[in-house]
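With the hints as your guide, set chain B onto chain A.
Residue numbers (numbering that gives the first Met the number 0), protein chains in the order written: chain A, 0 to 507; chain B, 0 to 507.
Think of the hints as simulated: they come from the structure by calculation, not from any bench.
Be careful, since some hints might not be right.
As the list claims (entries may be wrong) - List of simulated lysine to any residue pairs, SDA-like, C-alpha gap at most 25 Å:
id, chain 1, residue 1, chain 2, residue 2
1, B, K160, A, P460
2, B, K160, A, R464
3, B, K26, B, A37
Keep in mind the model is a prediction, meaning the values are calculated, not measured.
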Amino acid sequence: MAVLELPEWTALAPALILAGTALVLFLFDSINPRSTNRTLLAGTAVAGSLSSLAVAVWFTAAGVGATGIDNYGVIDIMDGQFVVDQLALYFMIIIAVVTALVTVASYDYLRDHTYQAEYYSLIILAATGMSMMAASNSLVTIFIALELTSLPSYALVAILKDNRGSIEAGLKYFLIGALSSAIFVYGVSLVYGATGSLQLEAIAANLGDAGEMGGLLGLGILMLIGGIAFKTASVPFHFWAPEAYEGAPAPISAFLSSASKAAGFVLAFRVFTTAFPLEATTAVIGVDWTWAFVILAIVTMTVGNFAAATQENVKRMLAYSSIGHAGYVLIGLAALSTGAGERVMGAAMMHLLVYGFMNTGAFLFVGLAEYWGVGRTFEDYSGLAKQAPFACAAMAVFMFSLAGIPLFGGFWSKYLLYTATIEAAADNTALLLVAAALVVNSALSLYYYSRLVKVLWIEDPIVDRDRLAQPTGLYAAIIVAAVITVLILPAFDPIADAATEAAAAVIA
Amino acid sequence: MMIETLIAVALIGALVTFVAPNRIAGKLAFAISLVPAALSLWLFAAFDGSGNALLDGELAFESQAAWLEIGGRSISWFVGVDGISMPLVVLTTILCTLAIVSSWTPIDERESQFYGLILFIEAMLLGVFTALDFFLWFVFWEAVLIPMYLLIGIWGGPRRKYAAIKFFVYTNVASLVMFGAFIALVFGLGDSVTSFALPEIATAMLEGGPEGLFGLGGTALASVVFVAMFLGFAVKVPIVPFHTWLPDAHVEAPTPASILLAGVLLKMGTYALLRFNFTMFPEQVEIYAVPIAAIAVISVIYGAMLALAQTDLKRIVAYSSVSSMGYVILGLVAYTQFGVGGATFQMVSHGLISGLMFMAVGVIYNATHTRMVTDMSGMADRMPIAVGILIAGAFGYMGLPLMSGFAAEYFIFFGSFGSELLEYSAVFTSLAMFGIVLVAGYLLFALQRTVFGPYQLETDYEVGRAPVHDVASMVVLLGLIIALGVAPDLIFDMITDAIDPIVQGGDL
Chain A
0 MAVLELPEWT
10 ALAPALILAG
20 TALVLFLFDS
30 INPRSTNRTL
40 LAGTAVAGSL
50 SSLAVAVWFT
60 AAGVGATGID
70 NYGVIDIMDG
80 QFVVDQLALY
90 FMIIIAVVTA
100 LVTVASYDYL
110 RDHTYQAEYY
120 SLIILAATGM
130 SMMAASNSLV
140 TIFIALELTS
150 LPSYALVAIL
160 KDNRGSIEAG
170 LKYFLIGALS
180 SAIFVYGVSL
190 VYGATGSLQL
200 EAIAANLGDA
210 GEMGGLLGLG
220 ILMLIGGIAF
230 KTASVPFHFW
240 APEAYEGAPA
250 PISAFLSSAS
260 KAAGFVLAFR
270 VFTTAFPLEA
280 TTAVIGVDWT
290 WAFVILAIVT
300 MTVGNFAAAT
310 QENVKRMLAY
320 SSIGHAGYVL
330 IGLAALSTGA
340 GERVMGAAMM
350 HLLVYGFMNT
360 GAFLFVGLAE
370 YWGVGRTFED
380 YSGLAKQAPF
390 ACAAMAVFMF
400 SLAGIPLFGG
410 FWSKYLLYTA
420 TIEAAADNTA
430 LLLVAAALVV
440 NSALSLYYYS
450 RLVKVLWIED
460 PIVDRDRLAQ
470 PTGLYAAIIV
480 AAVITVLILP
490 AFDPIADAAT
500 EAAAAVIA
Chain B
0 MMIETLIAVA
10 LIGALVTFVA
20 PNRIAGKLAF
30 AISLVPAALS
40 LWLFAAFDGS
50 GNALLDGELA
60 FESQAAWLEI
70 GGRSISWFVG
80 VDGISMPLVV
90 LTTILCTLAI
100 VSSWTPIDER
110 ESQFYGLILF
120 IEAMLLGVFT
130 ALDFFLWFVF
140 WEAVLIPMYL
150 LIGIWGGPRR
160 KYAAIKFFVY
170 TNVASLVMFG
180 AFIALVFGLG
190 DSVTSFALPE
200 IATAMLEGGP
210 EGLFGLGGTA
220 LASVVFVAMF
230 LGFAVKVPIV
240 PFHTWLPDAH
250 VEAPTPASIL
260 LAGVLLKMGT
270 YALLRFNFTM
280 FPEQVEIYAV
290 PIAAIAVISV
300 IYGAMLALAQ
310 TDLKRIVAYS
320 SVSSMGYVIL
330 GLVAYTQFGV
340 GGATFQMVSH
350 GLISGLMFMA
360 VGVIYNATHT
370 RMVTDMSGMA
380 DRMPIAVGIL
390 IAGAFGYMGL
400 PLMSGFAAEY
410 FIFFGSFGSE
420 LLEYSAVFTS
430 LAMFGIVLVA
440 GYLLFALQRT
450 VFGPYQLETD
460 YEVGRAPVHD
470 VASMVVLLGL
480 IIALGVAPDL
490 IFDMITDAID
500 PIVQGGDL
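The following block holds chain A by itself, in its conformation from the complex (with noise of 0.2 Å):
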C-alpha cells in the first residue's frame, strides 16, 4: 500500500530528526548568542524528541524493520552500515521518550543558568548519537555514534560550570570515558585484525578465517566487552557512575543512566548477536562468552544494590541502584546460548523500557528536590510529602515500581525477566543462580527504596518550609512518568511481545 515511495535513508529519520533538531538549535544560538528564551529553546528541543518518538512508534506500527512483510522489512542503509530493525526502532523510542521527558524537565531545571543553547542542542546530540547506536551495524559507525553521545556527555555532566562537583564530574566522567572509547577502539582494531572485516555480519561470515588467530579475537571481544560495561555502568567500569551522576544536573544524571545506558545495552545486544554468534566464536576462541555476561550479571547487581543499601546522598543511591538495574538487564545477554535466549532478551528489553520511565522519574525528582533547594541526604527529603504531595507521590510510585511491588511497570518487566531466566536454566543451569542473584537482589532493595518514600511521607521535616514551588515542566515530566509507570500495565503485552520479536531477529 506504499503510496508514497520513501527512499531508503528516511528510515532512520527518528535519529535524523533529532540531529536536525540540534541544528535548529544551533542555529537559534548564532542567531542570538545570549539568548535565554527557555520556551523556544525547550520548545524545539520537546518538539524534536517528540517528532523523533512519533515516527519510530508509527514506523514500528506500520511494520518497518519487521521480518517477513513484503515492501517493508529490515533496512539497509549505505552497505550495511547502519541497519533499521525493529530492535533499532525499539531502542529510539526509549531514547526519545527519555529525552522527551528530560527536555520538558529541564525547562524549570535551567531557569537561572547561562548556555541554554548550548544544554538543550548537547542533550539533543548526545540522543542523536544514541538513535544512531541502535542503528548502527559496523564496528566503525558504532564507535562514531558513541563517541557522538559521549562527548556531548561529558560537557553536560559539567555544564554547572560554577559547581565544583560538576565540573570534578565531568573531568572523572571524561578521563574513564577516554580510556574506556581507547580500550573499545582497540578491541575493534583487534578484531578487524582477525577477521578483516568491521561490519557486523561480514565479521561473523569471516570468524572462520580467524583461524589461529583466535587468542586475538577473543582478547578483542573482551575488550568490547568493556567498552560496553563502561557505556552501561557496569562492573568493573561502574566507578565512574556514583560520581558522575552526583555531581551532573539531576536531569542529565536521569538522562545518562537511562537512555544513554539503553543506548550501551542495544550495542551489546546488536554486536553480540549479529557479529559474533556463539557456536562460531566459541570454535574460534575457544570460550563461550555469556560466561562473561553471567559473572558480570550476578556482580554488576550484587554491588550496585549493595552499594545503594548503605548511601546517604539520595543521587547516589539511584546511582548506585541504576548499576544494579545494569545487571538485571545483563541477563539478557548471559542467557543469549540457551533456547529461551530471545525471551531473556526481550524481557530484559521490556525491563529497558519501564527503566526508562521510572528511572528517568526518580532522578527529575532528586531534580526537583535541587530545584527547590532542600539538600541532597535522606535527612534533607524528610518531610517534603507535606509540601508537595503530587511530586512525592510520583516518586513513591518510581521507588515501589523500582523495588517491583506488583502494582507498577517494575514488577513486571522483573517477572517477565525472571521466567524467562528460569526457562533459560533448562539449558544452562548456571542461570538459576543468575535468577536467585534476581530475586535476592531484588528484595535487598526494597529495603532502600521504601527508605526513600518512608523519609518523604513519614519523617517529619527537619526544617520548616514555606509552601514548595510547582514549576510547570519539571511536575509535568514526573507526573507523566509516574503515570505512564502505572499505565503502561495494561499494554504489556503488545510491548513485551514487540520486544521479543525484536530480540528474536536479530538473534536468529
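Only chain B this time, still in chain A's reference frame:
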C-alpha cells in the same frame, strides 16, 4: 462490568479526594464511599451465583479479559464473586464508609491524603476479594500494603515508624514466600495449566496435582508449597507465633486504620487460606490437619491470655483478634460444611464486631485521650451511649446468642466437633471452647474497670458524649451484628453453597 465499576469508583474517588482541599476531604470521601457501598448492597441483592468460584458452579458478575502471556501461561483480568467473596465485598465497602466517618474527629492533618488512602485501600481490598487470577489477585494483595504502611506511618501513635516498618517488612516477606511457592507450583503443574486463572489451577490440583520441579516429586512439591503458602498467609492472619506485628500495628495505627486492619485486612489472610490452601490441597490438609488445629487452638488460648494481660484497651481488642482468627483456622481445618462455612461466617462477623470495638475504643480515646484501663473508671456516666455500644460489642465478642459472634462460633464448634478429617477433633474443639471463657474473662474484666464505678479520670479535657456521627456508625455496625445473629441465613446460605464443593472436593 459491575465489579470493575465498584473498584473504579473507589480508585477514582481516591484520586479525587487526594487532590481535594483538606477542608472538605472527609465529607467528600464519605459521599464517594457511599457509591461502592450502595453498589455492593445492590450486587448482594442481585447475587445469583451458585457453588464455588474455583471448583464448580456459577460465578456472579463474572468478567474476564486477556491481559498478558508470560512463559506460555496467560494472565487475565478475571473477576467474579461467589458465596464466599460476596459477603466480604459488602463487609469491605460498609466498613470503609464507616471508617471514613469515624475519622472525622481524630484526623486533623493532611486530611485529603488520609481519605484518599482509605479509598485507595478500599479499591485494592475489593480487588483482593474479587480477583480470580493469581497475578491480578497478587497485584491487589501487595498493593494493600502501601496505603496501610502510610496510614500507620503518618497518622499513627508515638511509635508509628517502628510499627509501620515492622508491618511492611513482616507481611511483605510473607508475601514473597507465598508468591515464590505458588509460582513453583504452577511451573510444577507443567502443561496441564495454561493460565494463572485460579479455577484452572484448582482443577489441575484436584485432578492429579503437580508433576514435580527441580528434582522434587509431585507430592513433595505440593507439600512444600502448601507449607510455604500456609506460613505466608499465617503472618497476615496472624497466627501465633507470627502475630507480633499485629499489636504494634494496631496500637500505633489511627482508629480508622485499626478498623480496616482488624475488620478487613486480617480476613485477607484467612480468605487466602481458604481459597488456596484449603481449596486446592485437600490431601495436604488431611496430612497437616492435626498440627494446623494445634496452632489454631494455641492461637485461641494464647491470644486470649495475652489479651488478659493487657491494660491498654486497644491492645486488648488487638490481641483478641489473634484469638478470633484462631477459631477461623479451626473451622477451616475441620473441613466440614459447618466448619468451613462457620469460618467464613466468622470472618464477616469478626469484621463487624472488631470494627465496632475499635470504633468504640477510638471514641472513648478521642474523648479521654487515654486508653489505659487503669486510668479509667465510670465511663458509663459520661458517655452512656458509646459505652452501651461498647458493652454490646463485647457481648457480641463473647458470643452472646442473637449476635453474629454466637452464630459464627456455634457453626465452627458444631463443624469441628464432628469433623471426620481432623483426628482428636473433640479434644481440639473442647480446648478451643475454653477460649470463650477467657474471652469473657478479659472483656468483663476490662469493662468492669472502665465502665462501672465512680468517674475518676484526671484530665484537662471535658469528657462528654460521643459525636452523633460516631454513634450513628456504631449503631449501623451493631444493627448488622444483630441482624446476622438473628438471621444467619442472610449470608450463611450463600456461603454453604460455595463451601459444599470444597468439602466434597476432598473426596474427589
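Here's how the hints hold up against the structure:
About 14 Å separates the Cα atoms of B/K160 and A/P460, which keeps this hinted pair within 25 Å; it holds. Simply put, B/K160 and A/R464 have alpha-carbon atoms about 23 Å apart, close enough for the 25 Å limit, and the pair holds. Between B/K26 and B/A37, the direct Cα distance comes to roughly 17 Å. Compliance with the 25 Å bound is thereby established for this hinted pair.
Going through the hint list in order, the structure satisfies each hint without exception.
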